[in-house]
Amino acid sequence: MNKDLVQKIKNDPNYQELISKRNGFAIKLSIAMLVVYFTFILTIAFNPSALGTPISSDSVTTIGIPIGMAVIIFAFILTGIYTKRANGEFDDLNNKIKNSIKEK
Amino acid sequence: MNRIFAFLILGTVAVFASGAITGEIQKQAVNMSAIVMFLIFVGGTLGITYWAAKKTKSAKDFYTAGGGITGFQNGMAIAGDYMSAASFLGISGLVYAKGYDGLIYSIGFLVGWPVILFMIAEPLRNLGKYTFADVASYRLRQTPIRTLAASGSIATVILYLIAQMVGSGKLIQLLFGLQYEVAVMLVGVLMILYVTFGGMLATTWVQIIKAFLLLSGATFMSLAVMAHYDFSFGALFSHATELKGIEIMSPGGLVSDPISAISLAIALMFGTAGLPHILMRFFTVSDAKEARKSVFYATGFIGYFYILTFIIGFGAIVMVFKNPQYLDMAKEAVSGGSPILGGNNMAAIHLSHAVGGDFFLGFISAVAFATILAVVSGLTLAGASAISHDLYASVIKKGKVDSLKEMKVSKIATVVLGIVAIAMGIAFEKQNIAFVVGLAFAIAASANFPILFLSMYWKKLTTRGAVIGGSLGLATAVLLVILGPIVWVQILGNAEAIFPYKYPALFSVTIAFIGIWFFSITDNSQNAKDEQEAFEAQYIRSQTGIGAEGASEH
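As they're listed, the protein sequences go chains A and B. According to the numbering used here, the stretch in the first sequence is residues 6 to 109, in order. According to the numbering used here, the stretch in the second sequence is residues 4 to 557, in order.
FYI, nobody ran anything at the bench for these hints, they're computed from the structure. Worth double-checking, as some hints may not be accurate.
Stated by the list, open to error - Covered stretches of chain B (chain A as the covering partner; in silico rule of three or more C-beta atoms under 8 Å from a C-beta of chain A):
#	stretch
1	101-107
2	229-242
3	248-258
To be verified - Which residues of chain A face chain B? A few of them, derived with a C-beta cut under 8 Å, are:
#	residue
4	VAL11
5	GLY73
6	ALA75
7	ILE77
8	THR88
Since the model is a prediction, treat every value here as computed from it, not as a measurement. Glycine residues also receive a C-beta, built at the ideal position from the N, C-alpha and C atoms.
The following block holds chain A by itself, in its conformation from the complex:
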């Protein structure tokens, strides 16, 4: 990639929009995952009995079980949300950038 092309793409508003939107989105989702996971694991480290609370007084099932399952499902949903937006909106923007270089 030569310097002119680098400059041209860098100044392309579509590129700037792509970078800021996609990176912002990726960072937000990463933080969401990290916060959920570290809250889970640090709760276990500092206060293990919290997750051992039964769901109801007559049940042996603890709240830790649905919470653990929810972390797994949450991780899957996050990948789905990102993939849908990246493969749609972000790739459309990316294609605009690619087309604008071809036109030249």
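Fit chain B to the given chain A structure using the hints.
Chain B in isolation, oriented as in the chain A frame:
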């Protein structure tokens, strides 16, 4: 070549048959339905290998199946790489023994995937060709960076291979009544066949078929367990607690202090993002779109699989624990506590017998064997490409080598790695190998991941910083594992560990990042300036894929 292939197939069958005969003198009875089903699997996958061998003509075909795998297929294959026999039997065994702690462990293994998708998958696909060292060395000096990245890859691969080979030898000995050495050699020979002849295409399909069989088998077992309790988790759990006590429903001793918790989390998260055989899978798809889909499907399959192992572990508590059929009488007489035959890791295997009889036991045993074969194949391919593509083609030949020659070297490397794996498998039979997977993850997290991640996102990274920081991370990880409780106390027999934590990642990853940062920003050489200037073009390509299409040769 076809003749060699046919000869090797016959040889393998002969090894198996003779092994099966000697197996009769073993304690465990020969399980005929398991052997028949396993032979069907081996026959089918060797057929695929034959088909793949005809399509594998260039280095690109060999390393990446020509880049023609779809996102769904690759997702299934990634899940296959990740759902090893160790995680199937190990996690269900952990749930069986400790209940909730097994779930904590599997969640740790899963949460790295979203982060790989958001941060790594796309730039990796857009910058690299065959190995993650392609990306790490994109704008840095080839020789030092490739050497370091290849060392990290090979170390990870060999450690992982040791764990798989020893586990497979013991498992096959138990399931099929084969001798340990015969079992290890059988795995090694079949794996060499798949990889040398069929390359990534055969490895991918072996992985997909195995993932499908494993998910089907695990689904059936879970449904059988749940049907027994009218699909009520409450009823299953309450029966399980009657047998094992209420404490299996809450966190136990797996994560005891905050430092260990964070360190384990870092090792699992960043380690996953630094495993060479996983990273290599991203080059088998055509573009970034398919790479993202791969992670989406893989996360789904892996998450689903972990939920199943949780049900299977509890199913084993209610159907296998205290069931006289699976009780290890000899051990019970000595120590009590109702131990099961073959130890806790056999919980899922016994459960398959409890819900589906001899036939289903045979199926699950064959699937467990297939799982080992598929995982070692993926690992060996990743190790061989580090040797041929990074060390041979880029470091020794400085890139001046044709694709056919490079492919030939990777096939030789595969055979050598296969032999090393067999030798290590036999050498480590009686050793305590509890530390090796942890060490593999620690090295992946402390050496591979920081260099890869910073090369993608940090402009000021220089060759000097990457080499010194990455080496510090690698050395710290190895040193802290040796000085830690598992190696220093349990294996070397010292009274107290010099380094008190089981997982070194928090420290070794931090040291790697600080080392890379410090030795990069203090690097004022002309070389460093050139590398920093090259970042912008690299960043644009990593984000948009512009220029990536031209890089893949035909």
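Going down the list of hints, with the structure as the test:
1. 101-107: holds (count 3)
2. 229-242: holds (count 4)
3. 248-258: Satisfied; 6 residues make the cut.
4. VAL11: 5 Å, holds
5. GLY73: 5 Å, holds
6. ALA75: 10 Å, violated
7. ILE77: 4 Å, holds
8. THR88: 4 Å, holds
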